[in-house]
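*Asks:* Sequence:
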Amino acid sequence: MHLRPVGILALLSTVPLITRRQMVGWVLVVMFVKGALPALGQVNVVDSNPLAARRQYVFSLLGGYVGLANNLQGGVFTTACDCEFTGGAGVAITAGVVFERYTRSEVTFGVALGYEGRGITSRYQEIEALMQTSPTSGRTYEVPVSFRNTAGVSLWMVSLMPYAKYHVFKSLWVRGGPSVAVVVRDNITHEKELLTTQVVLPGGEQASVRLRDTEGTTVMLEDAPIAELSKLHVGVTAGVGLDVKVGKRFYLGPVVQYHYPFTTVSGRGTSFSIRSVQMLIEGKFIL
7 MHLRPVGILA LLSTVPLITR RQMVGWVLVV MFVKGALPAL GQVNVVDSNP LAARRQYVFS
67 LLGGYVGLAN NLQGGVFTTA CDCEFTGGAG VAITAGVVFE RYTRSEVTFG VALGYEGRGI
127 TSRYQEIEAL MQTSPTSGRT YEVPVSFRNT AGVSLWMVSL MPYAKYHVFK SLWVRGGPSV
187 AVVVRDNITH EKELLTTQVV LPGGEQASVR LRDTEGTTVM LEDAPIAELS KLHVGVTAGV
247 GLDVKVGKRF YLGPVVQYHY PFTTVSGRGT SFSIRSVQML IEGKFIL
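Under the numbering used here, the first residue of the sequence shown carries the number 7, and numbering increases by one thereafter.
To be clear, the hints were calculated from the coordinates, so they are not data collected in a lab.
Be a bit skeptical, because a hint or two may be false.
Claimed, not checked - Straight-line alpha carbon distances no greater than 20 Å define the calculated SDA-like cross-link-like pairs of lysine to any residue that follow:
| # | residue 1 | residue 2 |
| --- | --- | --- |
| 1 | 198 | 160 |
| 2 | 176 | 82 |
| 3 | 171 | 266 |
| 4 | 251 | 291 |
| 5 | 237 | 214 |
| 6 | 176 | 291 |
| 7 | 198 | 221 |
| 8 | 198 | 130 |
| 9 | 171 | 119 |
| 10 | 198 | 231 |
| 11 | 171 | 260 |
| 12 | 237 | 281 |
| 13 | 171 | 244 |
| 14 | 237 | 162 |
| 15 | 176 | 115 |
| 16 | 251 | 293 |
| 17 | 171 | 158 |
| 18 | 237 | 82 |
| 19 | 237 | 272 |
| 20 | 198 | 184 |
| 21 | 198 | 230 |
| 22 | 237 | 276 |
| 23 | 176 | 248 |
| 24 | 171 | 64 |
| 25 | 237 | 274 |
| 26 | 237 | 192 |
| 27 | 198 | 214 |
| 28 | 198 | 217 |
| 29 | 171 | 82 |
| 30 | 251 | 178 |
| 31 | 171 | 112 |
| 32 | 237 | 158 |
| 33 | 237 | 275 |
| 34 | 237 | 119 |
| 35 | 198 | 95 |
| 36 | 176 | 110 |
| 37 | 171 | 258 |
| 38 | 237 | 129 |
| 39 | 198 | 93 |
| 40 | 198 | 176 |
Treat the numbers as computed from the prediction; the structure is a model and nothing was measured.
From just these sequences and the hints, can you work out the full model?
*Replies:* Now the structure itself:
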């Protein structure tokens, strides 16, 4: 008895219909996987979304930021006349450059180099008892006179902040790190303004009040560099922001940062420091 050669189609014809469909399906799967594997190994940083597929490659970003800093005083600072000021606040410009290195880790590392203004202004009013002479009787009386004291502290710093950054969602991220800053410009001013220009003497007479040796109502008591200034400042900065993709290579988004200082501004006063809330616009492009 001799067996005749049987073609593959004849063999398939003996296989049940459901089994043939399964075999055809597996063949298609194998062909698809074989063709797709080379494509999966090719990643283009520009054409892809780095934030969504970051595990597949390493790349760097370079950019900058600019915005406003809302500065808040901590502690007490004193001027040359030993006048004490508290509760100061101010707004200043801050700007800088950033560099980030995306790796296969979930955490991105970067560094920011900035130029920051940390100026504040503080005010208080006081009542002083001044001696006033009656123009008619020649008698001298002690009368209360109101003054407003205004002091301004101006600090400009070059800061360096290495940081770690983590993407909570696709575009939303948080970052934080230590901050070291060097003061490059500083100044303190103290201005005293006369608020009471007319007084009523005990006899019912009215008298004018004016400052000695000046025609106006304001006198500058101090305008000089800050005494006992700390040139090097150390603190910590934490922030949250968005990376919105604009085109293939550029990211733009808002950033809000909070800076907390460990260093006091000056040895004068009590625990005098300046903390800051920064509202920025930050842009970066893929290198």
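*Asks:* Out of the numbered hints, which ones does the structure contradict?
*Replies:* 2, 5, 17, 20, 29, 38 and 40
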